[in-house]
Structures are given as structure tokens and as C-alpha cells.
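Residue numbers (our numbering), protein chains in the order written: chain A, 163 to 254; chain B, 163 to 254.
Some hints here could point you the wrong way.
If several chains are the same, the list does not tell them apart, and a pair holds so long as it fits within one copy or across any two.
[Stated by the list, open to error] In silico DSS-like cross-links for lysine-lysine, where the CA-CA straight-line distance does not exceed 30 Å:
# : residue 1 : residue 2
1 : K248      : K212
2 : K182      : K212
3 : K182      : K248
4 : K226      : K212
Honestly, the hints are just simulated from the structure, not real lab data.
This structure is a prediction, so every number in the text was calculated from the model and none was measured.
There are 2 protein chains.
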Amino acid sequence: MALLHDEAIEALLEGTSWRKDGRTIVRDFEFANFNDAVAFVNRVAVDADKADHHPDILIHSYRKVQIRISTHTEGGITMRDVELAKAIDTVV
Amino acid sequence: MALLHDEAIEALLEGTSWRKDGRTIVRDFEFANFNDAVAFVNRVAVDADKADHHPDILIHSYRKVQIRISTHTEGGITMRDVELAKAIDTVV
Numbered sequence: 163m164a165l166l167h168d169e170a171i172e173a174l175l176e177g178t179s180w181r182k183d184g185r186t187i188v189r190d191f192e193f194a195n196f197n198d199a200v201a202f203v204n205r206v207a208v209d210a211d212k213a214d215h216h217p218d219i220l221i222h223s224y225r226k227v228q229i230r231i232s233t234h235t236e237g238g239i240t241m242r243d244v245e246l247a248k249a250i251d252t253v254v
Numbered sequence: 163m164a165l166l167h168d169e170a171i172e173a174l175l176e177g178t179s180w181r182k183d184g185r186t187i188v189r190d191f192e193f194a195n196f197n198d199a200v201a202f203v204n205r206v207a208v209d210a211d212k213a214d215h216h217p218d219i220l221i222h223s224y225r226k227v228q229i230r231i232s233t234h235t236e237g238g239i240t241m242r243d244v245e246l247a248k249a250i251d252t253v254v
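Construct the entire structure; sequences and hints are all you get.
See the structure below:
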């Protein structure tokens with residue numbers, strides 16, 4: 163899968179809560195408490211497994227989650243990342 | 163709960179897989195795959211909830227997990243952190 167150009171990434175992320183950070187796309191989430199954050203991570207894990215594409219997931223500050231997606235085999239951002247981001251947006 | 167002195171922290175962590183990193187204690191874990199990593203995180207979440215003490219948890223590189231524990235109210239490392247670390251060691 164081809165790496166996306168910066169302009170394409172910006173266009174694809176426009177209007178979403180995701181941002182480009184280096185060779186990854188990132189979104190920060192905040193929940194009511196730790197258990198809600200963990201429950202969300204489990205929903206993300208289901209999506210990740212379906213897509214066979216596995217983001218980095220940080221649970222921090224009791225109730226916050228940061229998701230970071232990249233296509234490591236390509237060394238950057240591809241449509242697979244954008245598609246997983248959109249899938250994650252449906253399970254927040 | 164009182165902050166631990168560096169010597170006490172070193173003594174308490176000796177022989178464990180935890181290390182002191184600034185104002186936190188840290189351990190890195192590696193599993194067979196992403197699902198095993200997520201299952202471990204769920205076991206950690208149960209312990210964290212029991213202890214009412216919530217570590218930062220990073221799932222990364224497909225099958226790795228990093229756990230970072232600190233007592234934020236005290237601004238450093240206390241026995242609560244060491245106790246949670248030991249609880250986590252029993253669910254790896």
C-alpha cells in the first residue's frame with residue numbers, strides 16, 4: 163500500500179479529531195473514568211484485529227487514551243491507517 | 163502515603179523486572195501477539211481497580227506493553243506503587 167502525501171493526509175483528516183504527527187496519525191480521547199477508558203481500548207482492539215492493523219495505545223492520566231496509527235512496513239501513513247482511524251471513531 | 167527514598171526503591175525493586183525512571187517505576191512486557199498483550203492489560207486493569215491505583219499503560223509494537231506506575235498525589239514513588247507492581251507481576 164502506497165504512502166500518502168502530506169496534502170492527501172491533511173485532506174483526509176480534515177474535519178476529524180485526528181492529527182498528523184510525524185509518520186503517524188494521532189487522536190486523544192478522554193473518558194469518565196479508567197474503566198471506561200479500558201472498555202474503549204477493548205473495542206479498538208476488536209477493530210484492530212479485524213483490520214489486522216495494530217495501533218499503539220496509551221492509557222494514561224486515569225481516564226485518557228491516546229491512539230497512534232502508522233503503517234510500519236511502509237514507514238509512514240497509508241490508507242490503511244486512515245481506514246482504521248475511521249473505524250475507531252465509530253466505537254468511541 | 164510517604165514518598166520512598168531512592169535507596170528504599172532500589173532495595174524494593176532488586177530482583178524484580180521493574181526499574182525506577184524519574185518519578186515512576188516501569189516494566190516492559192512482551193507477549194506472543196496483540197491479543198495476548200490486550201488480555202494482559204485487562205488483567206492489569208482489574209488489579210488497578212482493586213487497588214484504586216491506576217498506572218499508565220502503553221500497548222505498542224504489536225505485542226509489547228509498558229507499564230508505568232507513580233503516586234501522582236505525592237509526586238513520586240510510594241509503597242502503593244511497589245504493591246501494585248507486585249500485583250501485576252502475578253498476572254503476567
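Exercise. Determine which of the earlier numbered hints do not hold for this structure and return their numbers in increasing order.
Key: Hint check: nothing fails, all pass.
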